[in-house]
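Visitor: Here are the chains, one letter per residue:
Number of protein chains: 2
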Amino acid sequence: MENFKVDNPVKINFGKGVCNELATNIKTFGSRVLLIYGKGSVKKNGIYDKVVAQLKQANKEIFEFSGIKSNPTVADARRAVEFCVTNKIELIVALGGGSVIDTAKAVAVCVEGGLDPWDVFKRKVRPTAGVPIISILTLAATGTEMNMFAVLQNEDTNEKIGFGVPEMYPVESYLDPNFTLSVNKAYTAYGLVDLIAHSLENYFGSGKAPLADKLVFAVVNEAIEIAPRLLEDLDNYDLRARMMWAATMALNGYNNYGRKSGDWAVHALGHCMSMLFDTPHGASLSIMYPAWMKLLSRTVPKRISELGLALFNDDSVDGCIAKLTEFFKSCGSPVTLAEAGITGEQREQLKQLWIDTKAAGYVHEVVDTDYEDLLSWV
Amino acid sequence: MENFKVDNPVKINFGKGVCNELATNIKTFGSRVLLIYGKGSVKKNGIYDKVVAQLKQANKEIFEFSGIKSNPTVADARRAVEFCVTNKIELIVALGGGSVIDTAKAVAVCVEGGLDPWDVFKRKVRPTAGVPIISILTLAATGTEMNMFAVLQNEDTNEKIGFGVPEMYPVESYLDPNFTLSVNKAYTAYGLVDLIAHSLENYFGSGKAPLADKLVFAVVNEAIEIAPRLLEDLDNYDLRARMMWAATMALNGYNNYGRKSGDWAVHALGHCMSMLFDTPHGASLSIMYPAWMKLLSRTVPKRISELGLALFNDDSVDGCIAKLTEFFKSCGSPVTLAEAGITGEQREQLKQLWIDTKAAGYVHEVVDTDYEDLLSWV
Chain U
0 MENFKVDNPV KINFGKGVCN ELATNIKTFG SRVLLIYGKG SVKKNGIYDK
50 VVAQLKQANK EIFEFSGIKS NPTVADARRA VEFCVTNKIE LIVALGGGSV
100 IDTAKAVAVC VEGGLDPWDV FKRKVRPTAG VPIISILTLA ATGTEMNMFA
150 VLQNEDTNEK IGFGVPEMYP VESYLDPNFT LSVNKAYTAY GLVDLIAHSL
200 ENYFGSGKAP LADKLVFAVV NEAIEIAPRL LEDLDNYDLR ARMMWAATMA
250 LNGYNNYGRK SGDWAVHALG HCMSMLFDTP HGASLSIMYP AWMKLLSRTV
300 PKRISELGLA LFNDDSVDGC IAKLTEFFKS CGSPVTLAEA GITGEQREQL
350 KQLWIDTKAA GYVHEVVDTD YEDLLSWV
Chain C
0 MENFKVDNPV KINFGKGVCN ELATNIKTFG SRVLLIYGKG SVKKNGIYDK
50 VVAQLKQANK EIFEFSGIKS NPTVADARRA VEFCVTNKIE LIVALGGGSV
100 IDTAKAVAVC VEGGLDPWDV FKRKVRPTAG VPIISILTLA ATGTEMNMFA
150 VLQNEDTNEK IGFGVPEMYP VESYLDPNFT LSVNKAYTAY GLVDLIAHSL
200 ENYFGSGKAP LADKLVFAVV NEAIEIAPRL LEDLDNYDLR ARMMWAATMA
250 LNGYNNYGRK SGDWAVHALG HCMSMLFDTP HGASLSIMYP AWMKLLSRTV
300 PKRISELGLA LFNDDSVDGC IAKLTEFFKS CGSPVTLAEA GITGEQREQL
350 KQLWIDTKAA GYVHEVVDTD YEDLLSWV
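Keeping their order, the protein sequence lines are chains U and C.
According to numbering that gives the first Met the number 0, the residues represented by the first sequence are 0 to 377, in order.
According to numbering that gives the first Met the number 0, the residues represented by the second sequence are 0 to 377, in order.
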């Protein structure tokens, strides 16, 4: 086991009606609040009204910034930074899924000094202060509610990269499973894929951390157990709650303590797909993960075998990969590029972007692999 | 799943040499430091010297309070409170295992206002402030390094009870597995039993929390996997590290999030044994746990069956209990009262103290059971 620190300051409020405490909990923050959200689904399902009522109850002055799209962009983050600077924002309330919260994190560390988010993500400028963030989660998937990381894409430069500093941790996150009830079947499946991928990218990292491995198995088995029931019963509070907590646990550090690092190649591959074709993040991962495991089977077959035993009671390498593929299919998440509408010339574009991304040094991967084969398998 | 909050502020510094950062990390605290430790084993193995060097490097004035015994007493805590008040202590550095750290926690919340620790533990006075605590762990077992709880015994009243308020969380804990290398075989076994018991007392609590169950299985399986190798190879850093992290994870909250509560009957039983006969804490638990599971098999056989499947690949109730008993025996930890030297009249004393303890309302148990049978099985 490697040395590590546990220093995650995010307070989690989990369960039914937790947002009813929001007004009380945010009293000590400044009065000028940015409420940032997405395309407006929170207005249809009543969540927006609940949050606004809490902000008003706390006597906050609300400044709204909406329209954040999935696969969030640096362009939106830039506009939001300017909006925050102009309006002297003292607290950011991010209401949404990973895209909204990631944008909020990027914005939060750029307000002081009016930094450019892309300069920050490209490690040209190190932010030194952050506006406090409260996250209110409406989609269980990315785990961003309990970590310091964010991912943005830049449509001018064709880059999609992640970044994190401690100033990007939310102060508090509110996880009410009822707020995820209206997530449709496809995006529920993508969320399950995403949390599994986060766990496995930790698992296939470097360094031995046997308890962290067992926690990965716990989280992934939880997702596999939930999936068939939840996808047929989307209004089930308890299954939504289990998925929500599993997604947080998949990427709050515990799956990784004691390792040298994770291996984030599949996420980087997925980001290339989302960058070029706006593929939903989870869908990109279910396509790439099994193929990437085929590559891994050349170098770390034993790890795959142990995983198969823990998840599917099958310690054969091929069995593990086949069963994971079947699981993704059974959720309705794609496992080939063609299913995501990526064919012909687009496959070449993807390969080129992957090569460029690797060359730019943004891929954190343990095993340097030739991706010709990988792309031939998807 | 029940609503819950994650709000654990303890920073963990885990691994080789982490205490070398102590001087830097404590600079911002006041200069008058209480260094509290046990019977002096830390002086023999060189750990004391390392810590004192760090405190001096940070220009702290050191006030020593030593002699804390295992199964720590309120009498020692009272003396330490007085010592802290007299010396205007601004930071407590607890160097030791659960007994020392638990004493430090009790003392920390009694300095302000010169409270009596027993009044606090008996819930007569609610402390409102705590001296900051740094814990430096030398025994992997109790998990106290990452939670807010402490247990003290009162030899005047024959009571041993637990208590916790957020002011009792350590600010930081230093977990260097090398600091546990000199723990002998018996106490290493007791530590393994203790961390397993913590996990299971969560598991047998009330309320359904399937991911928390899986985390319990992960932690207990880790202990079962480590035990035979570590007990034959006490100098093995990596196995010590795995045990140390498993012990922390067994009682830092994650095994319980989403449940209504744990069931702490076995700990309460064990505390009665330790109170009367100074039985090592872990030894009391390996004696009581299998017998208590026999009682539980009348009410929650399915939970035992699921546990057996996860730990021993055996879903029979009797098989699970027998295999857990065998495991404790294989570690060299006692599984009968006689093995701990408790016979004849002492068995009656134990029964009476148990009855008194239950009557006083200090046992947090989910199932109210007749303990006649239980005591006949041990």
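If you are wondering where the hints come from, they were derived from the structure by calculation, not from laboratory data.
Wrong hints could be hidden among the right ones.
Quick look at which bits of chain C chain U covers, simulated, 3 or more residues with Cβ under 8 Å [said to hold, decoys possible]: (1) 4-17; (2) 244-256; (3) 337-350.
Each residue gets a CB set at the ideal place from its N, CA and C atoms; glycine is no exception.
Visitor: Against the structure shown, which of the earlier numbered hints fail to hold, in ascending order?
Guide: Going through the list in order, the structure violates hint 3 alone and respects the others.
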